[in-house]
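Chains as they are written, first to last, in the numbering used here: chain A, 1 to 327; chain B, 1 to 327; chain C, 1 to 327; chain D, 1 to 327.
Don't take each hint at face value.
To be verified - Derived list of chain D stretches under chain C, where covered just means 3 residues or more per stretch with a C-beta under 8 Å from a C-beta of chain C:
| # | stretch |
| --- | --- |
| 1 | 36-49 |
| 2 | 123-137 |
| 3 | 181-195 |
To be verified - Calculated lysine to any residue pairs in the SDA-like style (CA-CA distance at most 25 Å, straight line):
| # | chain 1 | residue 1 | chain 2 | residue 2 |
| --- | --- | --- | --- | --- |
| 4 | D | Lys24 | B | Phe9 |
| 5 | A | Lys139 | B | Arg64 |
| 6 | B | Lys139 | D | Arg164 |
| 7 | D | Lys182 | D | Gly40 |
| 8 | A | Lys192 | D | Val34 |
| 9 | C | Lys254 | D | Gly40 |
| 10 | D | Lys254 | D | Gln308 |
| 11 | A | Lys192 | B | Arg64 |
If you are wondering where the hints come from, they were derived from the structure by calculation, not from laboratory data. Beta carbons: idealized from backbone N, C-alpha and C, even for Gly.
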Amino acid sequence: MPPIKRTKFKLVPEQLLEMFYWLKLIRAFDERLSVLVKQGKVRSGVYTGIGQEAIIVGTCYGLRRDDYICPLHRDLGAFLMKGVEPGMMMSQMFGKTAGLSKGRDSALHSGVPDLGIFGNTSMLGANLPVAAGLAFTYKMEKTDNVVIAYFGEGASNVGDFHEALNFAGVHQLPIVFVCENNQYAYSVPLEKSMAIDDVAVRAESYGFDGVAINGNDVLAVYQTAQGALARARTGGGPTLIECKTYRWHGHSEHDKAFYRTDEELAMWKSRDPIPTFTTYLRERHVLDEQKLNDIEGRVRSTIDGAVELAMHAADPVPEDAVTDLYA
Amino acid sequence: MPPIKRTKFKLVPEQLLEMFYWLKLIRAFDERLSVLVKQGKVRSGVYTGIGQEAIIVGTCYGLRRDDYICPLHRDLGAFLMKGVEPGMMMSQMFGKTAGLSKGRDSALHSGVPDLGIFGNTSMLGANLPVAAGLAFTYKMEKTDNVVIAYFGEGASNVGDFHEALNFAGVHQLPIVFVCENNQYAYSVPLEKSMAIDDVAVRAESYGFDGVAINGNDVLAVYQTAQGALARARTGGGPTLIECKTYRWHGHSEHDKAFYRTDEELAMWKSRDPIPTFTTYLRERHVLDEQKLNDIEGRVRSTIDGAVELAMHAADPVPEDAVTDLYA
Amino acid sequence: MSKELSYLDAIREALLEEMQRDPKVFVLGEDVGVYGGAFGATQGLYEAFGEMRVVDTPISESAIVGISIGAALRGYRPVAEMQFADFISCGFDQIVNQAATLRYRYGGRASVPIVVRAPSGGNVGGGLYHSQNPEAWFVHRAGLKVVAPSTSYDAKGLLKAAIRDDNPVIYFEHKYLYRRAKGAVPEGDAIVPIGVAAVRRDGADVTLITYGAMVMPSLEAADRLSKEGVETEVIDLRTLMPYDKDAIFRSLEKTNRVLIVHEDVKTLGIGAELSAVIVEERFEHLDAPVMRHTYPDTHQPFAQVLEQAALPNANTIADALRRLAAY
Amino acid sequence: MSKELSYLDAIREALLEEMQRDPKVFVLGEDVGVYGGAFGATQGLYEAFGEMRVVDTPISESAIVGISIGAALRGYRPVAEMQFADFISCGFDQIVNQAATLRYRYGGRASVPIVVRAPSGGNVGGGLYHSQNPEAWFVHRAGLKVVAPSTSYDAKGLLKAAIRDDNPVIYFEHKYLYRRAKGAVPEGDAIVPIGVAAVRRDGADVTLITYGAMVMPSLEAADRLSKEGVETEVIDLRTLMPYDKDAIFRSLEKTNRVLIVHEDVKTLGIGAELSAVIVEERFEHLDAPVMRHTYPDTHQPFAQVLEQAALPNANTIADALRRLAAY
Ligand SMILES: Cc1ncc(C[n+]2csc(CCOP(=O)(O)OP(=O)(O)O)c2C)c(N)n1
Ligand SMILES: Cc1ncc(C[n+]2csc(CCOP(=O)(O)OP(=O)(O)O)c2C)c(N)n1
Ligand SMILES: [Mg+2]
Ligand SMILES: [Mg+2]
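Could you put together the complete structure from these sequences and hints?
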């Protein structure tokens with residue numbers, strides 16, 4: 001049983017159960033995608049976040065609609081939590097018109113302005129200057145909104161990372177940078193891509209705080225994120241939260257990931273964020289068998305419904321190859 | 001009188017006098033350029049390093065011919081110390097064929113492979129990945145050669161800085177990064193371009209040491225550089241040396257620099273590296289009136305000779321606009 | 001009411017008026033604040049609008065563009081300055097991948113109303129990195145608009161149009177024209193619509209298509225040819241993407257001969273596309289090959305003799321016109 | 001002796017043989033080491049040559065190119081891999097400003113023998129950021145060479161030529177061809193010289209100029225037209241800069257009709273330059289307008305119906321040939 005946390009940001013049972021639901025839903029969504037790829041029903045390179053869900057749930061939970069998130073390729077769950085309908089999300093992965101991009105993209109390169117979701121290009125790190133720009137507008141408007149920008153530890157080596165975090169530091173922008181340090185950038189392990197142990201230390205170069213935490217502990221992530229978000233909302237500037245985690249699948253569903261050992265994977269699977277949290281909730285009598293069944297049922301029917309919708313959704317029309325280029 | 005230094009890397013009087021000569025020569029070269037611009041004889045935007053000479057002298061002194069330097073726009077003195085003839089350097093500024101670039105450039109964008117000098121583009125920070133590449137070859141060859149790469153504090157905000165230093169850290173390359181922190185990037189003061197006081201802290205993001213020193217004290221620069229160079233030559237990896245300094249002139253000779261106060265300039269002029277070092281040498285009886293006169297005479301005749309040569313050197317021929325594009 | 005303004009003042013006035021008109025307009029870039037811009041284009045704006053709307057950024061072209069995109073997604077209309085068009089290569093990815101594709105990949109749900117001002121062009125002794133004409137790279141990329149005014153009137157009117165346009169617009173302002181182009185500019189909103197060329201001189205014998213700093217020498221050459229009995233119609237494109245095909249075809253159908261003049265290099269400069277389109281769509285109207293007179297395929301050298309050897313001028317343009325007329 | 005090799009294996013074999021031949025050749029890029037490259041082009045090299053000659057870099061395209069340039073200045077022949085050609089936008093400045101201009105600005109005193117391998121092209125379900133054809137940007141920039149093989153033979157022979165060339169060469173390898181193009185490749189040094197096109201099919205009626213993945217459908221279309229009595233000469237450019245003007249003119253003088261086919265977008269794709277040059281220099285030989293059949297001016301959508309709607313194929317090429325033949 002995990003230690004009882006002294007938490008600054010209290011969560012009532014209903015909230016804990018909601019977080020649990022999100023963990024399960026995001027996991028199930030990615031797992032279903034993985035199957036759909038193997039079945040040849042989804043054609044695109046799918047990058048799952050399986051094993052990393054606690055980061056998305058812990059950081060997105062409680063965000064406002066008019067806060068902005070800037071997710072990267074593994075952060076499908078963030079789209080869901082920020083309000084994209086599962087059916088729309090699944091349609092996006094199927095390349096259907098009902099998706100975010102009218103079938104032009106099957107990944108996460110599309111955004112939803114009304115929901116405060118930015119969809120990045122594929123270029124790693126390129127979301128971070130955009131995130132800084134979004135946060136700059138909140139500062140101009142003196143609102144208490146925030147931006148959360150995600151990136152992998154590999155992306156933290158890209159020039160855009162540096163330029164963006166530096167700007168955020170100079171202007172003390174309302175932004176939280178969340179590093180999902182899953183130990184690998186595609187096949188390249190951390191130690192081959194940087195000479196430091198913690199990406200968090202990079203925050204010092206930009207004049208704000210960085211902290212490295214257990215990214216597989218949803219409550220630890222939530223508490224840390226809430227602290228950083230509160231700081232950002234009240235003019236205290238940016239924070240870099242490095243979440244240590246691991247991706248269970250290959251880089252994409254096509255990658256067999258032979259560059260890592262079975263032992264390493266097994267070790268990290270033993271730190272699966274979901275059972276850990278399940279035990280926590282059970283021992284505190286927040287979760288019982290009935291509730292678990294309910295939630296699992298909801299998750300299953302949500303995913304089934306999403307797949308159903310996406311499978312039967314209309315394919316794009318050829319003309320859409322050349323529309324929406326100019327406003 | 002400056003405090004007597006306990007120095008690890010000993011210098012004999014002849015060496016101290018040589019360093020003194022270089023300080024004077026580089027100052028005189030830039031000052032003459034400044035006059036030549038005002039006279040309309042040099043047409044280009046000249047970026048002097050007046051006030052910053054101790055950094056170049058302290059870091060370049062004692063370098064080997066087959067070490068490599070990667071200077072930036074204010075580092076004309078480094079070209080001289082690394083072996084470019086003053087007449088050739090002056091011809092470069094005049095845009096003559098006898099210059100480094102056959103008249104194609106009037107600044108420091110041209111290099112000399114035989115002397116271990118890299119000439120960067122104008123793009124700030126773009127020299128740093130190239131410097132890392134040069135250093136990587138020394139590592140491949142297991143020689144004890146080193147690379148010194150220069151950059152301003154402003155350039156340390158550019159993406160290339162980040163990518164280059166990260167690579168250098170991963171491979172523990174034989175390279176010394178020298179930051180000339182002259183407080184301004186064109187008109188923009190340090191505090192508007194970064195939220196930290198010392199660029200040196202950025203080294204921590206890359207897994208090597210950074211140190212901030214008085215860049216107007218040629219011996220302090222020399223001692224620190226020697227330490228870093230020795231580390232690099234013996235496989236100890238990179239070091240970032242931040243030299244605090246100030247540029248006396250505007251960004252270029254066209255810039256009136258109204259964005260700073262007279263008091264600030266006066267304060268920094270009182271820390272002029274040359275009289276400081278002069279006093280040091282006199283009090284130690286290394287320098288006397290006779291030697292001073294000799295050195296000043298040599299400096300004057302060297303500069304006069306260089307200007308003479310450049311003024312009478314041949315203009316490029318029109319055809320050279322389109323040659324040397326391909327090997 | 002109208003008044004005589006330099007091209008540079010026209011730019012400044014457009015910025016001032018647009019910022020007064022629309023609180024969502026702001027400017028950002030290196031030295032644009034206190035200093036008023038390297039060329040003075042933003043002079044007075046900092047005093048008028050303060051540091052949150054006239055933002056001195058760190059040196060970081062990629063971030064400057066990315067921040068602009070982020071702000072644009074929240075309804076702002078940022079005007080980003082590249083200090084020299086040459087440095088746009090450092091912000092290239094954010095322009096061509098982030099800004100140009102956003103609307104498309106968002107399924108038409110968002111747009112990116114940013115302006116990137118890029119002081120371009122040679123004949124100013126700037127050498128390789130302060131003279132470039134990078135417009136063709138952006139014309140090649142769907143989703144961007146590209147403009148290049150040649151007069152004070154257009155400098156103001158096109159900048160206003162660019163700011164009000166809902167798409168990313170790259171605004172090339174030619175440095176040679178800053179103080180050399182002077183002309184009447186109406187007070188207030190004299191918008192020059194994007195996509196509409198101007199016929200600068202009527203003529204029935206030959207059509208000359210050009211833009212930017214090449215308009216003046218083209219007109220001079222046309223005047224000379226007039227004395228020789230050849231009447232040249234001079235079309236100033238003003239917008240390079242979408243360019244004004246109608247205006248080009250109208251003129252060509254009258255003259256049946258076309259010369260394209262530009263300061264950009266020949267290979268895949270805009271002349272290539274115009275020639276190809278004319279041939280594809282108006283082949284039967286051609287009494288002579290479409291000819292191009294451009295900068296040769298080389299870089300921009302510094303020395304005056306080299307710079308002048310490479311730049312088209314009234315003499316060389318007149319020669320090209322003669323060749324075409326005599327064909 | 002020759003053997004049947006896939007295009008991808010031909011690339012790998014060229015790398016292997018060149019690394020065996022010349023110890024100065026090394027490869028670097030993301031996942032090129034242990035993993036053997038995202039597409040497997042470097043498989044086996046890490047085991048054969050070790051981590052100092054097969055360098056897994058951090059994610060940092062700008063540094064990858066810059067490091068290559070630095071190594072090249074010391075006599076090495078680095079082969080840098082962009083994981084996808086699309087990401088070359090992140091290393092753009094180092095290519096167009098650092099590498100392309102170096103020899104020129106050094107007054108001819110140095111050269112930059114680097115190869116940048118860029119897996120390009122669509123028809124692989126890659127969407128906006130894994131399908132691009134960025135070749136035209138580099139053809140536009142003096143100082144670079146650009147190649148784009150279409151067969152296994154050329155993939156090997158051109159890569160060898162590129163590695164041995166003393167200039168920066170951008171090597172576009174088309175992802176669609178990796179496993180689909182197969183053919184006889186001689187053992188050992190069968191260099192394909194840069195700058196020489198190949199006539200893939202003789203024909204006296206129409207000339208079709210193309211390259212890369214468009215060669216196959218062009219040949220198919222030519223076969224169909226043959227059945228209709230129109231004989232098409234198909235020229236595979238192989239090198240895009242410097243392109244083989246002689247081969248083009250030779251064919252054109254025979255057929256008097258030219259169609260250019262490319263997968264890159266139309267506006268300022270290479271077809272524009274070829275058309276313009278043909279018109280300028282061989283106007284009198286044209287019995288019909290030079291026509292272009294290309295990707296439309298848009299981005300690369302993911303959904304199959306959209307992707308196929310935009311890509312030229314044997315049907316659409318045959319139609320274009322018919323239009324041209326019937327003109
Ligand atoms: C600029 C850029 N270079 C290369 C790639 C190819 N690529 C896609 S994901 C990836 C690894 C990313 O690693 P990391 O940032 O740690 O995120 P993770 O996939 O581990 O979540 C690479 C190299 C890319 N998308 N963008
Ligand atoms: C990428 C890039 N952006 C902008 C410029 C224009 N520029 C030239 S020098 C300079 C200021 C440089 O400041 P710093 O790096 O501190 O060096 P210093 O001039 O103070 O020595 C600027 C903005 C440039 N050369 N390159
Ligand atoms: Mg990772
Ligand atoms: Mg500075």
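Query - Hint numbers not upheld by this structure, sorted from lowest to highest - result: When the structure is compared with the hints, numbers 1, 3, 4, 5, 9, 10, 11 turn out to be violated.
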